[in-house]
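Asker: Letter by letter, the chains look like this.
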Amino acid sequence: GNSVTQMEGPVTLSEEAFLTINCTYTATGYPSLFWYVQYPGEGLQLLLKATKADDKGSNKGFEATYRKETTSFHLEKGSVQVSDSAVYFCALSDRRSGAGSYQLTFGKGTKLSVIP
Amino acid sequence: NAGVTQTPKFQVLKTGQSMTLQCAQDMNHNSMYWYRQDPGMGLRLIYYSASEGTTDKGEVPNGYNVSRLNKREFSLRLESAAPSQTSVYFCASSEARRFTDTQYFGPGTRLTVL
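Protein sequence lines, in the order shown, are assigned to chains A and B.
Using our numbering, read the first sequence as starting at 7 and increasing by one per residue.
Using our numbering, read the second sequence as starting at 3 and increasing by one per residue.
Derived by calculation from the structure, the hints in this document are not laboratory data.
Worth double-checking, as some hints may not be accurate.
[Claimed, not checked] Distance condition first, Cα-Cα at most 27 Å in a straight line; then the derived BS3-like pairs of lysine-lysine:
#	chain 1	residue 1	chain 2	residue 2
1	A	Lys117	B	Lys16
2	A	Lys62	A	Lys74
3	A	Lys117	A	Lys83
4	B	Lys73	A	Lys114
5	A	Lys114	A	Lys62
6	B	Lys59	B	Lys11
7	B	Lys73	B	Lys16
8	B	Lys59	B	Lys16
9	B	Lys11	A	Lys117
This is chain A alone, in the form it adopts within the complex:
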């Protein structure tokens, strides 16, 4: 079945540091890949996505590249801010998930804390 593995947290960085959160996946088909972010006390919101190999998703200074050869979708940001403190979820959806259904499979989440 499908699965997503992302680095364990929590991750604590100083403001303006470089961020990498690793994400690897296992899928039987050709998935779309997503990063969602959850700010404290809120629901999840899409941060970026990529729907085919070698695509790069980007938003708010965050980037991730869909690497089929390494089955990875690592999240990066060059200079984090205090406002980036949140939980980040890597997820995939696969056209072959289930009996012809479409489902998101999530990683367990990585909590990021950015200190001034």
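Here the structure of chain A is known, so what remains is to put chain B in place on it, guided by the hints.
Answerer: Just chain B now, kept in the frame of chain A:
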């Protein structure tokens, strides 16, 4: 444009009690979903509705029922709550049931079962 709304925000139940979590979306989306979020587990799909009039089980459906009341509303019912159902519940919606679609999430309901 409120997006996805959920009620209530918080609820405390005793074991064996029943309750219904309400969800509504105003984006004219076809598909709706219910997830639960537990510490260290990520989000797991309970039930989903690909379109009005249809519902299907997700990864963890036991102990839950759902109703797609109309295109806007998708409710989750716990008939006899158990402590193992203590969790944060999120409703989500998407435009259509395609694997490239973005899901939009509500703010969540924090449920405690004593």
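Asker: Decide, hint by hint, whether the structure agrees.
Answerer: Here is what the structure says about each hint:
Of the supplied pair hints, the one linking Lys117/A and Lys16/B is violated, its CA atoms being roughly 31 Å apart against a limit of 27 Å. For the given pair, Lys62/A sits about 12 Å from Lys74/A by alpha-carbon distance, which is consistent with the 27 Å threshold. Annotation: proposed proximity of Lys117/A to Lys83/A holds, straight-line Cα distance about 15 Å (limit 27 Å). Among the hinted pairs, Lys73/B with Lys114/A is inconsistent with the structure: their alpha-carbon atoms are about 30 Å apart, more than 27 Å.
For the given pair, Lys114/A sits about 22 Å from Lys62/A by alpha-carbon distance, which is consistent with the 27 Å threshold. Distance restraint check for Lys59/B and Lys11/B: the Cα-Cα separation of roughly 24 Å lies within the 27 Å cut-off, and the hinted pair is therefore satisfied. This hinted pair does not check out: Lys73/B and Lys16/B have alpha carbons roughly 32 Å apart, beyond 27 Å. At roughly 25 Å between alpha-carbon atoms, Lys59/B and Lys16/B fall within 27 Å of each other, so this suggested pair holds.
Restraint check: the Cα-Cα separation between Lys11/B and Lys117/A comes to about 22 Å, which is no more than 27 Å; the hinted pair holds.
When held up to the earlier numbered hints, the structure conflicts with 1, 4 and 7 and fits the remainder.
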